[in-house]
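With the hints as constraints, model all of the structure from the sequences given.
Quick note on this note's numbering: the sequence shown kicks off at 1 and runs consecutively.
Hint data in this document are derived by calculation from the structure and do not stem from the laboratory.
Ranges between beta-carbon positions, derived for each pair:
| hint | residue 1 | residue 2 | range |
| --- | --- | --- | --- |
| 1 | Arg86 | Asp148 | 37 to 45 angstroms |
| 2 | Gln163 | Ala136 | 26 to 34 angstroms |
| 3 | Ala9 | Lys31 | 30 to 38 angstroms |
| 4 | Gly149 | Arg99 | 40 to 48 angstroms |
| 5 | Gly69 | Phe21 | 45 to 53 angstroms |
Small disclaimer: the values here were computed from a predicted structure and weren't measured.
Positions of the beta carbon are idealized from the N, C-alpha and C atoms, including for glycine.
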Amino acid sequence: MRKKKIIRAFITVAILAGVLFLIGSVLANNKKKNAEKTAVVAEMASGDIAVRVSPVGKETLSLDFSANGNFQPAQQMNFAAENSGRVTRVLVDEGSYVRVGQTLAIIKTDVLNIDLESAQAAYQNALRDKQRYENAYQTGGVTQQQLDGAKLALENAEARVAQA
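Here it is, written out as structure tokens:
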């Protein structure tokens with residue numbers, strides 16, 4: 001039993017020593033690499049700068065600048081239409097400048113018109129139902145809850161018309 005404890009203690013000490021050795025060697029290696037990088041920077045900062053000297057003279061300066069390369073946008077934006085449908089015409093080209101409120105594309109409107117007409121019909125129906133419920137409520141024919149339901153249905157129909 002005592003032998004096992006001694007062996008466990010020895011193994012634990014050996015493992016700790018190995019881990020400490022590995023950590024020390026990694027730190028020493030990193031220190032050496034940092035010293036090399038610092039030496040390169042110190043050489044560059046010695047104060048010597050290469051220059052080209054030209055005699056004073058009169059010349060015309062060109063303000064034009066030309067360079068080869070690709071332009072990358074600072075940000076890209078994706079837009080979604082307020083209403084869904086099939087695009088029938090696109091009125092601007094890709095990359096062209098547009099103004100606020102300018103029409104970019106035309107959407108096939110037959111489905112949108114049907115949705116609007118349906119919403120308007122539902123609104124008119126809800127309006128008539130509300131009036132009927134109000135008249136019936138005054139005579140005691142319906143409850144307050146039924147009248148509130150009719151008012152809510154009218155508000156929902158009004159919102160659908162505004163959305164269409």
